[in-house]
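Now for the letters of each chain:
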Amino acid sequence: MIPTAGLSLKPQHYAEALAEPADGQWFEVHPENYMCEGGPRHRWLEAIRERHPLSLHGVGLSLAGAEDPEINHLAALKRLVDRYEPFVVSEHLAWSRRGRVYHPDLLPFPRTESALDRIVSNVDQAQDALGRRILIENPSLYLALHGHEMSEIEFLSELVDRAGCGLLVDVNNVFVSANNLGFGAEAYVDAIPADAIGEIHLAGHRPDEKVGGDLLIDTHGEPVSDAVWSLYNRLISRIGARATLIERDDNIPAFHYLQAERSKANAILNQSHTRTVSEYIHV
Amino acid sequence: MSELARFQDAFIAALQGDASDLEGWLQDRDSPGLAVYRNTVRSGAIDALASIFHTVQLMVGVDWFRAAASEFAAGRPPAHPSMLNYGQDFPKWLTAFPPAADTPYLGSLAQMDWLWWEAHFAAEADRISGEAIQALQECDLAQCTLKLHPAVRFARFNQTLASLWLSHQRPDPAASGFAIEDRPEHVLFTREQQSVRTVLIDGSTYDFLSACAEGASLLDAASRAMGDGTIASLPGVLWTGLEAGAFAGIKHLNGGGLS
Chain B
1 MIPTAGLSLK PQHYAEALAE PADGQWFEVH PENYMCEGGP RHRWLEAIRE RHPLSLHGVG
61 LSLAGAEDPE INHLAALKRL VDRYEPFVVS EHLAWSRRGR VYHPDLLPFP RTESALDRIV
121 SNVDQAQDAL GRRILIENPS LYLALHGHEM SEIEFLSELV DRAGCGLLVD VNNVFVSANN
181 LGFGAEAYVD AIPADAIGEI HLAGHRPDEK VGGDLLIDTH GEPVSDAVWS LYNRLISRIG
241 ARATLIERDD NIPAFHYLQA ERSKANAILN QSHTRTVSEY IHV
Chain H
1 MSELARFQDA FIAALQGDAS DLEGWLQDRD SPGLAVYRNT VRSGAIDALA SIFHTVQLMV
61 GVDWFRAAAS EFAAGRPPAH PSMLNYGQDF PKWLTAFPPA ADTPYLGSLA QMDWLWWEAH
121 FAAEADRISG EAIQALQECD LAQCTLKLHP AVRFARFNQT LASLWLSHQR PDPAASGFAI
181 EDRPEHVLFT REQQSVRTVL IDGSTYDFLS ACAEGASLLD AASRAMGDGT IASLPGVLWT
241 GLEAGAFAGI KHLNGGGLS
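Chains as they are written, first to last, in my numbering: chain B, 1 to 283; chain H, 1 to 259.
Chain B extracted, bound-state conformation (with noise of 0.2 Å):
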């Protein structure tokens, strides 16, 4: 099966993604929103599940924190992993909790060896409490720090290798990475080990008014920029087709809108698959 292109499932689409073909058509949501006992949200998303395929995206684990995973949340997520068996379960290389209190962000952190000692540590125990293999997300950063053993690319591919864990590659992260730390975006996404990537996200952003825009944010509130369309190319000509989220959690536009931006992904994936079959022929 050819990988295709899904979306963001919000609450203000949930009838028409009940009423979408199911041809290839897969959703995302953050497992954090499901965490209730009952109620329409997951009469919904039971409802669409029994159509499509899903995709669980955490945004809580806090793997990049210096303390073991929080047992009860790891609970709930296996409790949600089990229910809807999602394709895809995925995480960020971020930090979000310190003791007892949640700071609702995905925060950044010194690639250091003995970071990457406790980042794979944490992996480790979610994988094993999960009972399956996760996918990983590179983070999108403001913050140029010091203290960095490695670069982000050495950082995932030694977590990879380490820890048995995918890779999802968020392009609009990458963008907007390397443009608030002044990286090369285009040489990261050629050099991102392949083999692990299991997912890719595409989003918008725009720029910070506030420092008179030479930060980007990366909001999900806007449509996919056309660099960020361009770098999705260049990575899929080199890595061959991959499941890729149409990523939107805020100013949501109508769902055929986003249909719209899917089907452009779905286009490239499709000319992936042409062409590696094509050169497969004239081997």
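Don't read these hints as lab results, they were simulated from the structure.
None of the values given here were measured: they were computed from a predicted structure.
Note that CB positions come from ideal geometry on N, CA and C, so glycine has one too.
Heads up, a few of these hints could be off.
To be verified - Selected chain B positions facing chain H (in silico; Cβ < 7 Å): (1) Met35; (2) Glu37; (3) Gly39; (4) Ala66; (5) Arg118; (6) Gly147; (7) Leu215.
Stated by the list, open to error - With beta-carbon atoms standing in for the labels, derived distance ranges: (8) B:Asp82 - H:Leu58: 33 to 41 Å; (9) H:Ile180 - B:Glu37: 31 to 39 Å; (10) H:Glu181 - B:Ala254: 41 to 49 Å; (11) H:Leu58 - B:Gln271: 42 to 50 Å.
Add chain H to chain B, keeping to what the hints say.
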């Protein structure tokens, strides 16, 4: 303490305004990047509160609400990444919030927003029907109790604040002109398949539901609801609860289930 833990503590202090411990890690002390993280963390908590306490926000306006929510979040940050349970103590906090002194009913409106929210996400359970309740005729009222549906929430107010809250659930809420009266009101939240239903109930129904929630026998619940130890008016109270889908089962107090 690991270096990662020290970094996290320094970063959190910087989010809260003291970047001195983080300076050794910062390539540019004047970078606006720290403000981006600070704003995201703050707005994450505020947005979660705004989605729950929408009636309060409607009453006071977005700017006032967000300023109040920011102050609440600074003192009581989220403890769990699922923000569905964040803000349980916001109604009580809002009642004591000095800038809300001129609008002392805000805490009660927040309480109703919270009860609606809890009802929306509560566990699923079957409901008993009018036919099933006929089983009551066959049981000893002193030995049976009605189990409330998990989504049932109810509250009592000394003023007509439930009506005020209800008037703000319409698509075109009355912005002004609602006169708060000094008489008690009772409100019941239940959940139908896809939505929460909110109805005003009388004091007897409120007393009856309160007794059921405490596990009292039907005889005791009826006695508390009617106040005179008779059950002559019980059918009306039962019907109100049944029609709202408030009951999940009839339970024998010695442990057996009847329905």
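Evaluated hints:
1. Met35: Status holds, d = 4 Å.
2. Glu37: At about 4 Å, which falls below the 7 Å cut-off, the nearest Cβ of chain H leaves the hint on glutamate 37 (chain B) intact, so it holds.
3. Gly39: holds, 5 Å
4. Ala66: holds, 4 Å
5. Arg118: holds, 6 Å
6. Gly147: holds, 6 Å
7. Leu215: holds, 6 Å
8. B:Asp82 - H:Leu58: 33 to 41 Å: holds, 39 Å
9. H:Ile180 - B:Glu37: 31 to 39 Å: holds, 34 Å
10. H:Glu181 - B:Ala254: 41 to 49 Å: holds, 44 Å
11. H:Leu58 - B:Gln271: 42 to 50 Å: holds, 49 Å
The structure is consistent with each of the numbered hints, conforming to all of them.
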